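Protein sequence lines, in the order shown, are assigned to chains A and B. Taking my numbering, I'd label the letters of the first sequence as residues 413 to 695. Taking my numbering, I'd label the letters of the second sequence as residues 154 to 487.
Calculated directly from the structure, the hints in this document are not laboratory data. Computed from a prediction, not measured in an experiment: that's the story for all the values here. Yeah, the Cβ is synthetic: ideal placement off N, Cα and C, and Gly gets one too. Some clues are possibly wrong.
Said to hold, decoys possible - Residues on chain A that point at chain B, a partial pick, calculated with CB under 8 Å:
no., residue
1, 537
2, 586
3, 590
4, 654
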Amino acid sequence: MSGFLRYLRRNPSLGVGIAVFLLLFAFCAIGWMRYDLAKAAYPLAAPANRPPSLQYPLGTDSQGRELYAVMVVGTILTLRIGFTAGLIGLVIGTVLGFVAAYFRGTVDLVIKSLVDILLTIPGLLILVIIASASRTSMNINLLALIIASLAWMGPTRNIRAQVLSLRERPFLQAARLSGMNSVEIIFLELMPNLLPYLAASLVGSVTGGIFASLGLEALGLGAMREPTLGMTIYWVIYYSALIKGMWWWAAAPVVVIVMIFVGLFTIGAGLDELANPRTRRVV
Amino acid sequence: MRLTYVFQRVVLLLAIMWMAASINFVLPRLATGRDPIRERILSESARGGGATNIGMTEMVAEYRKQFGLDEPLPKQYVTYLWNTLRFDLGKSLSNYPKPVMRLISEALPWTLGIVTASTLISFTLGTILGALIAWPRAPRILQYTVPFLLTLSAVPFYILGLILIYFFAFQLKWFPIGGGYPIGTIPAFTLAFFGKLVYHALLPSLSMILASTGGWALGMRGMMVTIQGEDYMNYAEAKGLPDRRIFFGYAIRNALLPQTTGLALSLGHIVAGAGLVEVVFGYPGIGSLLGESITRFDYTTIYGIVFFLIVSLGLVLFILDMLYPLIDPRISYE
Numbered sequence: 413m414s415g416f417l418r419y420l421r422r423n424p425s426l427g428v429g430i431a432v433f434l435l436l437f438a439f440c441a442i443g444w445m446r447y448d449l450a451k452a453a454y455p456l457a458a459p460a461n462r463p464p465s466l467q468y469p470l471g472t473d474s475q476g477r478e479l480y481a482v483m484v485v486g487t488i489l490t491l492r493i494g495f496t497a498g499l500i501g502l503v504i505g506t507v508l509g510f511v512a513a514y515f516r517g518t519v520d521l522v523i524k525s526l527v528d529i530l531l532t533i534p535g536l537l538i539l540v541i542i543a544s545a546s547r548t549s550m551n552i553n554l555l556a557l558i559i560a561s562l563a564w565m566g567p568t569r570n571i572r573a574q575v576l577s578l579r580e581r582p583f584l585q586a587a588r589l590s591g592m593n594s595v596e597i598i599f600l601e602l603m604p605n606l607l608p609y610l611a612a613s614l615v616g617s618v619t620g621g622i623f624a625s626l627g628l629e630a631l632g633l634g635a636m637r638e639p640t641l642g643m644t645i646y647w648v649i650y651y652s653a654l655i656k657g658m659w660w661w662a663a664a665p666v667v668v669i670v671m672i673f674v675g676l677f678t679i680g681a682g683l684d685e686l687a688n689p690r691t692r693r694v695v
Numbered sequence: 154m155r156l157t158y159v160f161q162r163v164v165l166l167l168a169i170m171w172m173a174a175s176i177n178f179v180l181p182r183l184a185t186g187r188d189p190i191r192e193r194i195l196s197e198s199a200r201g202g203g204a205t206n207i208g209m210t211e212m213v214a215e216y217r218k219q220f221g222l223d224e225p226l227p228k229q230y231v232t233y234l235w236n237t238l239r240f241d242l243g244k245s246l247s248n249y250p251k252p253v254m255r256l257i258s259e260a261l262p263w264t265l266g267i268v269t270a271s272t273l274i275s276f277t278l279g280t281i282l283g284a285l286i287a288w289p290r291a292p293r294i295l296q297y298t299v300p301f302l303l304t305l306s307a308v309p310f311y312i313l314g315l316i317l318i319y320f321f322a323f324q325l326k327w328f329p330i331g332g333g334y335p336i337g338t339i340p341a342f343t344l345a346f347f348g349k350l351v352y353h354a355l356l357p358s359l360s361m362i363l364a365s366t367g368g369w370a371l372g373m374r375g376m377m378v379t380i381q382g383e384d385y386m387n388y389a390e391a392k393g394l395p396d397r398r399i400f401f402g403y404a405i406r407n408a409l410l411p412q413t414t415g416l417a418l419s420l421g422h423i424v425a426g427a428g429l430v431e432v433v434f435g436y437p438g439i440g441s442l443l444g445e446s447i448t449r450f451d452y453t454t455i456y457g458i459v460f461f462l463i464v465s466l467g468l469v470l471f472i473l474d475m476l477y478p479l480i481d482p483r484i485s486y487e
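Generate the whole structure from the sequences, applying the supplied hints.
The following block contains the structure:
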């Protein structure tokens, strides 16, 4: 533990990121204990349009949701969407990246060109099509799956590049010469060396997933009944909350979203440093 | 430039167009169990007050014929491809019978205006800032802007937009709260109206500029640091060239290419972000049009906008690719 803390001294951005998430965690934990979340985060739980007060610490919105409770549920749901989408994207991307870089040839060509074409098309636009075709049955898990369907290109490209650079290293030649088969080489030699990259990639794809989910929800393609962060932004725009002077309605999701993104960004920068200490420090 | 390369890029562009059109054709048809025409007629007649089923089957059949939905699927597909190729994206459902393409061309100038202006400004500003941060003889104070700009760059444009609206439009009343021009004025080609346009575009653009400058600065700084170790930099310095010349002619010139590649790669991201900024500001561009179409279940417009944006981004990337040899003579596509 003390060793880890000493490492954080050398890698301050990782420390900042972890601190931000600990703060968010504490915020959620307090709300978890204080509220009946299945009620308070949904409409008609409290009087409408109340500014922050002792009784309603973050105020209430026009439909009578308690914003503190909404933020707790929203943070959890939004992170869940992001992690589900990011994790699925990373798994698909890792498999494809490995297959492409390890076996080369036609497979590599097909995967690489597909990734190149899909990366030039803005993903959010395709997600808009998929989400609007399935919006009547939209829910949290479906949203995560839809986002995951376009979250694998980045990881595929990164992992492919890493495996390509690793496969020519002497230790892999040694492994090959000592008679290990492909499966053993992949799991015993390549994977352990890729772990830091996988971690950094995961942060990247989770960030992308949250970004996409917030965007879709703000456009009105989210699960209408769920109090996620993106849906809160949607209602803020829908009810013109800012023009009515209800700053607290927007302030809560904005602060939480900024914290999530800054936290993920600094953790990502910290993991990059861990994965590749020779690159110059970014933050 | 080799002709084969141009040919390859044209093929890629056509492939993107074909993929975008096919996605638009296939995905909505995968959502089974729903009959959009029947739903539409039902909701219209319910609004009229007399929801009956008399003549419903005939009416649905007639409309299906009109929209060509009674044809076999492969034939529909070919017709669809041919129509989209001519940028005939069908008619809007909520503004029937206005063609989708007309809606898009009405909204396009607005989006084009703020996206081009804010991207150019943030790209130039970020590139210069990044170059200066990495330059040993530049003021040290610039270093302190980095963490601040990076924090901003981690946040989506429209979240920043919400903050700006509250402080600068609602509290301080320095800027209008939304829209593209004052309510009650008629768009005209006069200087006064142009001034109002810029005034209304400032806050949305500012949210994009603030959020994206940091990213450009960071990329440029990385490139400049790499370049400073190069032999030609030492040589230029040893020759006694003036600082300014080394900075602009040697360092920036060479670091610019990856920056432009970065610009090409993040263009889609920028356009998607700009769309959401428009929704937040109620700015009358393509993003707002998309948002409204989603709220009104106007599927032809949604699909039309997505197709149009994908194709135009593909086209911009194609042009940028063709321009690279001009920016960097080392690239010749030989």
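These are the hints, each one checked on the structure:
| no. | hint | result |
| --- | --- | --- |
| 1 | 537 | holds, 5 Å |
| 2 | 586 | violated, 32 Å |
| 3 | 590 | violated, 38 Å |
| 4 | 654 | holds, 5 Å |
Of the numbered hints listed earlier, those contradicted by the structure are 2, 3.
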